[in-house]
Structure formats: C-alpha cells, structure tokens
Amino acid sequence: MRAAGQMSAATATRPRRIEAAPFRQLLVRKGLPYALIAPALLVILGVLGYPLAMLVWLSTQHYGLRELFQHQGRFAGLSNYATILADPQFRYALEVTAIFTLVNVALSMIIATFIALLMERVSSFVRVLLGAGLVFVWATPVIPSIDLWQWMFDYEFGVVNWLLTRIGAGNYIHHNWFENPLQGFTVITVVVVWGAIPFLALMLHAGLTQVPRELVEAAQIDGARGWQVFQNVTFPTLKPLLLILLSLSTIWDFQVFNQVWVMLDQRPSQDYFVMSVFSFQESFRVSQYGLGSTAAVIMVAILAIASFFYVRQTVRSIEEFGR
Amino acid sequence: MNPRKLLFTAMGVAVALLVAACGSTTTASNPADQTGTLTVWLMNGSAPQSVVDGVNADFKAKYPNVTVNVEIQQWSDVTTKLDTAFAGSAPPDVMELGNTLVAKYAAAGALNDITSQKAGFENSGTWLQSLTDSCTYQGKLYCVPYYAGSRAIIYRKDMFDAAGVSVPTSMDELLSAGQKLMSKYGSNPNFSALYFPGKYWYAAAPFVWDFGGDIATQSGGKWTGALNSSASQQGLTELKTIVSQLSRADKTGDELKQDQAFAQGHIAMIIANGWEVGVITDPKSGDPSLASKLGAFPIPSHVAGQTAPVFLGGSDLGIAANSKHQDLAREWVKLLGGTKFQSQMVTVGGVIPNTTSLVSLSSGLPAIFAAAAKTSRFTPNSPNWANVESANVLQNMLVSIFTGKSSIADATSAASDKITQILNG
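Residue numbers (the numbering used here), protein chains in the order written: chain A, 1 to 323; chain B, 1 to 425.
Careful: at least some of the hints might be erroneous.
Simulated DEER-style distance windows between Cβ atoms [as the list claims (entries may be wrong)]:
| id | chain 1 | residue 1 | chain 2 | residue 2 | range |
| --- | --- | --- | --- | --- | --- |
| 1 | A | Leu163 | B | Gln260 | 49 to 55 Å |
| 2 | A | Gln266 | B | Asp282 | 41 to 47 Å |
| 3 | B | Gln245 | A | Leu164 | 56 to 62 Å |
One-sided and incomplete, this derived list gives chain A residues near chain B with beta-carbon spacing under 7 Å [said to hold, decoys possible]:
| id | residue |
| --- | --- |
| 4 | Arg66 |
| 5 | Phe69 |
| 6 | Tyr155 |
| 7 | Gln220 |
| 8 | Ile221 |
| 9 | Arg225 |
| 10 | Gln266 |
Far from chain A, by Cβ distances over 10 Å, these chain B residues were calculated [said to hold, decoys possible]:
| id | residue |
| --- | --- |
| 11 | Ala110 |
| 12 | Lys118 |
| 13 | Thr237 |
| 14 | Asp250 |
Hints listed in this document are in silico derivations from the structure and should not be mistaken for laboratory results. Virtual Cβ for every residue (Gly too), placed ideally from N, Cα, C.
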C-alpha cells in the first residue's frame, strides 16, 4: 500500500517534471561545457584578445611619441592602411617574407622528414644519439645560438670564411655574407631551418611510429619498393600530422624576427626588412606606433589564413579519432 | 570697495599666501629630512666611475636619506628603453640624452622645462653654444649640457715613422700617406691604413661638410635633404676613394668595435672620439702598451692647411617631466654639470667639458680633440632628426655607396628624399 501510495504520488508529480526536465537537461547538457570552458576562455580573451583588440584599435590611430607619452591617440580611420599599402618598402617586405617563408618551410619540412625516416631505420643506439642531438639543438636558447652563428659567419674572424678558403672553395678572406641580401638570407635560412628541424623531426618520428607495421609489411609482400611504401602507406597515415606541422612552420617562418634582428646587430639594412622587422622598425625605431600596428594587423590577417588550415585539420582529427 | 571686489581681493591674497607658504616649506625643509629614491640613467662610457661615485658622495653628504640609483644604458637600444620609460608612470628622474635626441623628447613633452632655473646651474653663462642649442626647443631650455666630444684621427706614430710618412695636412696627403702605409704593411690581409666601417656616418659627415655640402637645409620651416647636392656628392666621392684604397673594414659594419680592432695592432688610423683612446689602451678590452705609440690629428680639409668641420657630438642631462623628485633631480644634475665634476670629466674622462671656461684644462691628446671641435657642425635640429638616425638612412646610404650597390648620385638622392620626408613628417 505504501509503495502504491508513493507510486501515485510520483505519478502525480510526473507531469510537472516532464515539463521541467528537458529544459534543465538542456541547460545542463548545453550549458555545462560552456561553464567549464569559461575560465579558460576568459584567460585567453584577456591574454590574447585584449592585446589583439588594442592592436587593431592602434592601427586606426595616429600614434606617435607625443601621443604615447600622453596616452591619447588621434583617430585616423583607415589612413594608416592606405599609407602602408602604398609604401614600396612594405610591398618589398611582404614579397621577401612570402618567398622566405616558402623556402624555409619547404626546406625544414623535407629535411625533418628525412631525419625522421632515418631515425626509423638506424639502430636504437644511434636513434637515441640522434634524438639527443635534436633535443640539444632545440634546448639552445635562441639569442645565444644566433650569436654563435653570427660568429661563425663573421666578416673578419669567422670560421666559415676560414674553412671555405682552406678547402679551396675560393678566396673568402674578408667575405661579407650580408653584403648581398641573397647570401644574407641564405645564412639566415640556415639558422632558421637548423632551429626548426628538431621539433619537426621529433614530431614526425613520433608520427612514423604510428604507421601500422602490418600495412607496411603487406605492401612489401605485394612488391612495393621504398618510395612506393612511403607514397602509399606512410604518407597517407602521416598526412594529418604533416598538415598540422606545415601550418605551424608557416606561422613560425612567416613571423621570423630574432634571426634577422640579432644576426644583423639590431640595425638591419632595408634589404632585410621582413614583415616583422618592418613592423618593429616603424613602431619602436621611428615611433610611428599606428603604422607599425597596421603592419602587424596585416601580418595577423595573413597568419589567420595559415591558422585556418591548422584549426580545420585539428577539428577533423578530433572528429575522426575522438569518437 | 564693493563686496565682489572685496571677495576677489581676499581670494587673491589667500592664493598668494598659500603659494608663499608652499614655497617656503619647500625651501625651508631640511635636506637631511628628504627621503626617496632618485633614478639616474647614464650612457655606457660617458662618465668615469670615479666621477659618478664622487657626485653620489657629494649628493649623499647633503641628502643622507635619499638613495641614488645610477643605471648604465647602452647606446644601441636606449631610444626604445626611453620611449617605454617615458610612456610609463615612473621614468628615470635624470637621464643622459645624446644631443641629437633631445629635440625629439622635448617636442613630445617628456622633459621638464628648466628655462626659469637656468641661472641656478654653475657656468650656465659659458655653456658650449652648440650643446645649449641642442637643449633648446622653441626657445625653451629642456636640459643641461653635459659634455661634448668631437672626432679626430687617432694614428700609430710608430707605423707612420716606419713608413716614412708625416701627419697629413690635406685630404690628398691623407690618401698618399695611407697608400704608403698600405704598401708597407698591406701584405697582412687584416691591415687597414684607415679603418673605416661602412656604416660610420659620423666620420663621413666631415667629408660632406668640408666640400660645402650638408645633410639638410631649412627654409621657411620646411626641411630639404641636401646630400644629393653636387658639393655633398663631391665629398662622398673623395671619401669613397679613401675608403676603397685604405680600409679593409667591413663595408656593412658599424664603428662599435673599432677600438678593439685597433688595439689588435693591424690598423694605422681610425676616426674616433677622444675618449676612445681610453678604450684602446684599456687593460681589459684593449692594449695598454699602445699608449705611448698613439697620436692624433684633426681630419684634414681638402684645402691644404685647414681642418674639416666635425660633428660635435655629446650628451645633455634631462629631467623627466613626470619625475616625482624634480628638486632632487636638479640638485644631482647641478653637481655633475658643475665646475668640480666637469673638471674631473676633462682630466679623468678626457672629454670636452660643458663650459668654455674649463676647456683649457685638457692637455695631451684630449687637447687635440678639443681643438678639432673649433670648426664643428651639428645635425638638423628637428624633433624628427632622431627618426632619421633610427631609420639608418645615412648608414644605408653609405653602405650602398661603399659596396657599389648604387652609384653615389642614386644613393644620395634616395637618402635625401627620405630625409626630406622624415624631417617634415
């Protein structure tokens, strides 16, 4: 009887709960993730969103030294954009940066893939040695390592000039590597690629260990040779990872700054103005913070495109493997 | 007297009393009771440590409870640091500013206007004219002259003797003396008769000025770049001949390491500031044994017997408009800019003092540099000049000329346009 009574009581309340439940469930189901993500979102907005909004705001201002000291800019609309897009120096920077990024991404990805494939095949002792070497390169702080490279390519005392002369590659005594921008950018490319390889190679090596052994063996039994195995088995498996690394490399190489700035003693000639250097020069050397910000906003916009592929690939990977 | 007038008079009296009261408390307050921290930025290589210590000791004697922090800054990145500091709420109270930088900061409102206190500074009546000019913006005084420096040629007397050349008295003689030195020592691939790094603008300017050229001219408030004038180009052509024949320095390098290079012993001449003698003979960074072998002479003019005009470099001492210790800052500046420590700057530091009344204290090599400063010139006194320096316009022009990347006509006309644009910006 008591049970029946409870039952009836429960039955009596049911209609109301049926009304409330979907809403509450909906709220919990839809709202909880947002509530949980809110703190992280707030931090990201504060750390990334606010500076970015400030940057965009600054790019619409006439903001020189006087304005900086008084914390009060003058609204200039889109005139900064018009000025900068008409500036031949900016167009040069844009072109140079695009070519530089293309070459550096290609070189670092190809060399890193070779190293990763090599690590697959060598004995575990050599693999550990190679891995340790890569980690050491990666762990070297950027500025000291650029200083070291600078010393090696020094005009007067550089070991590279000495060595090239010594092995009979020509007369490199007092050879200036930065007189001709093409040579200078080659040296900078060496430094950038050298610094980029460890991360890429280690990531790709980790990716390679995920290639199913049995697929490779099956392909080999079917008569596939080394390149065919790579093309038909290894590459498709690695593709998502390769795409992510490609986007990341593009972002890093596009905004390269330290290697140019430190290598050229903080006074690069205009031949070496990549986008980031151009932006820094306008802002902090010529005190045209509005123009500098405009250049930076354009950089961010271009990088957003590279990031789009990265994000899309990440989302796809989650959809594929996340379920 | 009607009530309204009475009220105004009363208010006026009250304000006057208040001002007087405030004024009297400041002057009457005991220096020993003043507390706080005074931050001073000096540049690397400007004042010898003993002079800084002396100033601080005298300051401490008067204000025992005030702490003075003297921080040494590097020339290469000082403008970025100054911009950041002035934009913040607590800039240094006193800062040394290169004389070409003052106009920029004065125009931006970063420096305290000290026009009314000028008489309170020792020797202010005999300050060097060109330094006082660099401190003056739109008729107001924004800093105190600190010291001046001019460039001359430092040479190795022993090498001159061995090559049988004497001190040149014209640019032609400079070239022929250098050629003799090159034929005597040139088999050493590192030897330079005159070591001239490609970006060394301040050593190139005398050649431009000597032929009657200039960096920019002003008329009716508008600047016009003048490096493409035929006189300027003539000077740069002369310089290019000298550099290509006598220098094996990096054509894209700057002058920051020229003293260390000179101290290594395979250079016969450099164009340098007086204080660089100290760097060359410094036991740590240089070679003390060179001291007796060094001589100096002013950069000769293309007109025999005359000397070329040189850039009068130097520094001034500014007080931040936002400083919370204006009075203390002025007291500190008065010490370093006053007779006692300026005399030490001459005798210990080897620089040209901020007042003509002390120039005679210099002797030996520094006296030659002080004499070279008699025909001196200054860069365009515009708040935008610092941007020409920051944008490396002149350095890039010189590099293009020396490396042969562009002709003198093309390089000077590009630089001139850029200078016109920046100065009028």
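Item to check | List of violated hint numbers, smallest to largest | outcome: When the structure is compared with the hints, numbers 1, 2, 3, 7, 8, 9, 11, 14 turn out to be violated.
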